[in-house]
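Novice: If you're matching them up, the sequences are chains X and U in order.
Using my numbering, read the first sequence as starting at 1 and increasing by one per residue.
Using my numbering, read the second sequence as starting at 10001 and increasing by one per residue.
No wet-lab data here; the hints were simulated from the structure.
Model, not experiment: these values are computed from the prediction.
Ideal Cβ positions, reconstructed from N, Cα and C, are used throughout, including at glycine.
Hints should not be assumed to be uniformly reliable.
Simulated coverage check for chain U against chain X, where a stretch passes if three residues somewhere in it have a Cβ under 8 Å from a Cβ of chain X [as the list claims (entries may be wrong)]:
1) 10061-10072
2) 10206-10220
Incomplete in silico selection of chain X near chain U, CB under 7 Å [said to hold, decoys possible]:
3) T13
4) V16
5) F18
6) W19
7) G20
8) S21
9) E63
10) V68
11) I69
12) R70
13) A73
14) V74
15) R76
16) W79
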Amino acid sequence: MSTDAVSEPDLPTDPVLFWGSVAPLELGDASDGPGEESAVDALDERGQPPIELGGGGLRRELEAMYAVIRADAVARLRWLS
Amino acid sequence: MLVVHVVWHDELLWVWARGEGASDASAAELDTLLGVLPPVVSGEARLTQARQRSLEIALRLPAAGRLEATTVPAVPLGPSAALSFLTRGLDDDGASCAGATLHHARAAAVLAARLAARGRLLPALRVGTAIAHARWEPAPTEADDTRLEALAGDQPPAFRCAVGAQVTAREALDGLVGALLDEIARSALTGHLPERPGGSPVVWRWLEALGDPSGTTPDLPTTALVAGRIDAWWQSSAPGQERAQLCLRIAEVPGAPTVGDDWPPEGSVANPLEGPGADDEPPVSSGGRWSVEAGLVDAVDPETYWSAAVIRGGVGPVRTRRGPVAGPAALLDTTLAGAARVWGELAALHGAHARDRFEVDAPALAEALRRHGTALEQLGIVIRAPRWMRQPSRLAARLHITSSERSPWSPGLLGASALVDYRWQVTLDGGDLTQAEMALLASATGPFTQVRGQWVSLTERDRAAAATLLERPGADGSGVPVVEALHAALSRGDELGDLPFDGMTASGWVAALLDGDLDLSLEAVPPPAGFSGVLRPYQLKGLSWLVFLERLSLGACLADDMGLGKTIQLLALLAAEREADDKPTPTLLVCPMSVVGNWQHESRRFTPGLRVYLHHGPNRTDADELAGRDDIDLVVTSYGVLARDVDGLAATDWWRVVLDEAQAVKNPTTAQAQAVRRLRAPRRVALTGTPIENRLGELHSIMRYLNPGLLGTAAGFQRRFAVPIERSGDDEARSALRALTKPFVLRRRKTDQGILDELPPKQEMKIYCNLTREQAALYRTLVDRLLSGVDSSVGIARRGMVLATLTRLKQVCNHPAHLLGDGSPLAGRSGKLAVLEEVLEEALGIDEKAVVFTQYAQLAHLLAPYLSERLGAEVAVFHGGLSRTARDTLRERFDAPDGPPVLLASLRAGGVGINLTAANHVVHLDRWWNPAVEQQATDRTHRIGQTKVVQVRTLICTGTLEERIDALLEKKSALAETIVGTDESWLTEMSTRDLRELLTLSADAVSDA
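Required output: the full structure, derived from the provided sequences and hints.
Specialist: Spelled out as structure tokens, the structure:
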């Protein structure tokens, strides 16, 4: 371990403030309510992706990817919570 | 025990631990602590380098009141390992525990997983050097953002304490959440290879890379273009997160005398949606050609603008406050393509042969902005155009009435000076237009025109409507009665087309009339010699006002509060005109039957010289002879008789028609109202104590008679005023209506300063009475019977049962004998009666008189002989069954000092139109549940002529429905609103449960005596 004195005004020097305290996880509700749409749903509202990007084919592919991601993330949340 | 900490630095999560005595865990101890982590993958290049370089990190840690740079052993975790570590957590072996920073990192992992679970992420392509990265990036909602902000606020500073790390809490948190979210999505997609969706090879390589652990894809020549298009596409789904926005700049084409390409000047626009403010000097017309130029503006700082020419010329990177825009040319092109779907002309600005700007005619531009402006803005496109171009000016119509500066009251000026001139004026955004300006507008052909050096945009419809109004014959008038001019404001209103009515202005005495500034225009009428009483100053003013309006042939509505002497003001008017040389013929006064005698009585008292004929009773004279009689000054009749004799009464012109208690004609379809409208007279007066300004139906009905045509037809009034005011609370319509009717309605309140300063105060009190045991037993029996039977009844049967019980309960509260009707003795059986006796004894003991109101005439008859005996004084009964003569006689006797000191009056018969100022004690024996009705009854005593303090007592049986309904009224709740002004049928709609709560007798209801 080596030490040098530094002056960093942006961080507190009070150890209590510096290390913080372990507070219960207060993250609010998990969702914004029933019927919440995914980001790709929102994209869909604005129309299909440009043809240069693959048009409807790209959107279908992205939808499939979102389905996989969402299912996997739900399972992961169980581990995390 | 080791406390495990984490630090976010250089896109890695560094794990370190410290034991007791500030001894840091060694690398070996950390390895044990972390267990088996996922193998380092090639994409985590920095992690590999970091591990090769060193397994330690320099931190800034607090020591002795300052921060010291301290190097500690640490293990850097890339996203994959970090996610695995945070998901698994520490072993529960007692050797280590998580510090606050580790808890914070776990919370970040939960938020990242929640975003992924809800699909709040978007795929992106980031172009690097020779290589591009496919990434999943957060697309938080506003609520997510709030959560992130809150979590950042709780972040321990130790989480970002690496030497050289200059990041905020939010930046550190966003970094970790972004990395974890990308990892969550990427690991989920492992093994799910996408199909090739078509389009560019760059696209499917990008899709593959989104599910690949490395996340990399070759940087092909078209990668940057695709990256820009992807960004532009998904920016549209994350409003508020975009870095740059498409901007359309609209300017007059070069060549105009004062306008060049630089208008509006770059960077001079505070609000890009509005363009230069109204105060900016607008350009001068140069023939109506305008240019539309495309560019990008910084989404955070819209004053920063890059033109299409600059962007396409590749002059330099487009750096916004939120960071550099990847592929700005592609972003410009993509967003322009979207905009061109809305406004086709914009297609010229994108594609292979894109121009930097195009020109358009003023009409086409105006039409495009009108049709597409909102849609383009909804796409996030900034339109920089002068404000006047986006918001057409409004033309409106204003009525000007001009009258003589001298009052028409002035002798010798009656006639011509009472007439006015009026004309319509077209206004532009509130300012008057001259005829020349109007002609200019009318002759202009384009959508934009210059007026007084200002550009304005007008709709063709407005312009045509204004021209039509001014060109129509008869739009102006001269030498007409003021009511005709005012009528023009309304009746012509229908002919204004789309032009809104912008109020009216007036000069001369009409201005004072419209402003309600009566003092300026009223010439005081001296108290007539034939009036034997003292007119208070406000009554003299009322008299002057009546004279003033009649001189102008205007109908007047005197709507003073009850008790302020409307009757004597009217009598004074009759006396005054008989002292002038007017040689008036009889005035016809129509009033409710209950006050016919009161008029005669008051006339005898105040205008004994006035010859009054009561057109009433079976022996009344032929109606058609009355109007021309020279031996009668005032014919008084009731609304009921009028309806029967209308053919005769409407056969000739009356000198004047007066409607007393004019609210009686509020329903225009009744026979009474129809009969009233047939009465002909050049002078018309309505007397009412209710605030008709707030009751639109009444207002129209009364005004319809007073000043025919002023408020137009019922249907037109409904459409123009009643519906907007009553349904939408339209203040503009309310103000317009008030302005139009104000000259014709004079309303003074008792509470107005200077009106009734001399009227003695009124003390109102509630007296709570207990039930006797007999009353309570009867009450309970009735309630039980109702509650046991009401559930099995429906519809009318149920309502009938509730109403009948309600009546009986109120009778019980009054007296058991009132309910039973058995003629049984009264003494000692009613709490209310006992209180009433006390009150009356007290009043009589000091030689004062009392009026007792009940809604049951039967009760009055029951109590009168009993009270008379108890008090040793006459107790009279005033009820609706009395003939008019009997009523008049009784009232005169009550007025007399030696007359009966107590009057038992039914609320209906005694509550309106009569003067009971002989009494200064009022008792409300039972409740009507309508404070206004009770107030009206009380005001029979609290009015002009009263010299003593009026004491008003309302008797309420405690613990019964009387107390509970009273409490509801006190709360002024929505339910109370339902109660007031209606009958008691609302009770019948209550559920059984609510009825039980309302009616059930409480324990404290019964007197112990």
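Novice: Could you check the structure against the hints above and give me the numbers of any it violates, in ascending order?
Specialist: The structure conflicts with hints 4, 9, although it agrees with all the remaining ones.
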